[in-house]
Amino acid sequence: MNSKLLFPLVLLCALLATPSMFSQSNNSSRKQKTVVYNANVSNPLTSSELALINEVYGNKTNENVLDKPQRLKDIKNILRNRVEIKNIPNQSDQKPCTLLSEVPLMDYYVDNLQRDINFNPENFNPLKYLFNFYSYGSHMYRVDNTNYFIIIKSQHK
Numbered sequence: 035m036n037s038k039l040l041f042p043l044v045l046l047c048a049l050l051a052t053p054s055m056f057s058q059s060n061n062s063s064r065k066q067k068t069v070v071y072n073a074n075v076s077n078p079l080t081s082s083e084l085a086l087i088n089e090v091y092g093n094k095t096n097e098n099v100l101d102k103p104q105r106l107k108d109i110k111n112i113l114r115n116r117v118e119i120k121n122i123p124n125q126s127d128q129k130p131c132t133l134l135s136e137v138p139l140m141d142y143y144v145d146n147l148q149r150d151i152n153f154n155p156e157n158f159n160p161l162k163y164l165f166n167f168y169s170y171g172s173h174m175y176r177v178d179n180t181n182y183f184i185i186i187k188s189q190h191k
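Position 86 of the sequence shown, counting from 1, maps to 120 under our numbering, and the rest follow consecutively.
Hints were generated in silico from the structure; no laboratory data involved. Since this is a predicted model, take the numbers as computed values, not measurements. Using N, Cα and C, we set each Cβ at its ideal position, and we do this for glycine too. A few of these clues could be false.
[Claimed, not checked] Derived Cβ-Cβ restraints for the label pairs, each shown as a range: (1) D141 x D178: 12 to 20 Å; (2) E136 x N115: 54 to 62 Å; (3) A73 x K129: 25 to 33 Å; (4) Q128 x S76: 30 to 38 Å; (5) T68 x S135: 31 to 39 Å; (6) L133 x L43: 56 to 64 Å; (7) N154 x L79: 15 to 23 Å; (8) N179 x Y71: 16 to 24 Å; (9) D141 x Y168: 28 to 36 Å; (10) T68 x N157: 29 to 37 Å; (11) N157 x P103: 24 to 32 Å; (12) D178 x L84: 25 to 33 Å.
[Said to hold, decoys possible] In silico lysine-lysine, DSS-like type, Cα no more than 27 Å apart, as pairs: (13) K120 x K191; (14) K191 x K129; (15) K162 x K107.
Build out the structure end to end from the sequences listed, making use of the hints.
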């Protein structure tokens, strides 16, 4: 091969390979946060929790939740530890955030899944909504036309 062409070709290959080497080393140095579960996650499902899961997963509950130990653990963690509903009547304490009506329903398994007509914090099912459960930060949503706010706490600590 002609030596006049070989040097520019080697130089071009070296320049193209260098950025990919740096990007790979940067990704591996990023520290992953671990998920820490409270002890209550190891307790069995309650009948009300099972009803919430069945409402969303329907006849796919066993296949997609109960037969998958890690998925079941994650859902118990959501229901028991990561969703907080606060009534904030003072408008100066309220922050602008996404409205519950803007959050899509998790209707992949139950076609006729419906939004609640009247919000009741005592029987609210957070699994019905495609909340951002698995991001690194916490998120807050407002229940339309109320002073209720739903806080989804981060799973990473």
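Here is what the structure says about each hint:
1. One distance hint, 12 to 20 Å for the beta-carbon pair D141 and D178, holds here, with the actual separation near 19 Å.
2. For E136 and N115, the hinted distance range of 54 to 62 Å is not satisfied, since their beta carbons lie about 25 Å from each other.
3. A73 and K129 have their C-beta atoms about 32 Å apart, which keeps the hinted 25 to 33 Å range intact.
4. For Q128 and S76, the hinted distance range of 30 to 38 Å is satisfied, since their beta carbons lie about 36 Å from each other.
5. Distance hint check: the CB atoms of T68 and S135 are about 34 Å apart, consistent with the given range 31 to 39 Å.
6. For the pair L133 and L43, the beta carbons lie near 58 Å from each other, so the given range of 56 to 64 Å is met.
7. Between N154 and L79 the beta carbon distance is about 21 Å. The supplied range of 15 to 23 Å therefore holds.
8. Evaluation of the 16 to 24 Å hint for N179 and Y71 yields a failure: the beta carbon distance comes to about 35 Å.
9. Roughly 19 Å separates the CB atoms of D141 and Y168, a value that falls outside the hinted 28 to 36 Å.
10. In this structure, T68 and N157 meet the distance hint of 29 to 37 Å, their C-beta atoms being roughly 32 Å apart.
11. At about 27 Å, the CB distance of N157 to P103 agrees with the hint of 24 to 32 Å.
12. Hint check: D178 to L84, Cβ distance near 28 Å, so the stated range 25 to 33 Å holds.
13. Pair hint K120 plus K191 holds up; C-alpha atoms about 21 Å apart against a cutoff of 27 Å.
14. Proximity of K191 to K129 is assessed by CA-CA distance (about 24 Å); at most 27 Å being required, the pair is judged to hold.
15. About 17 Å separates the Cα atoms of K162 and K107, which keeps this hinted pair within 27 Å; it holds.
The earlier numbered hints that this structure contradicts are 2, 8 and 9.
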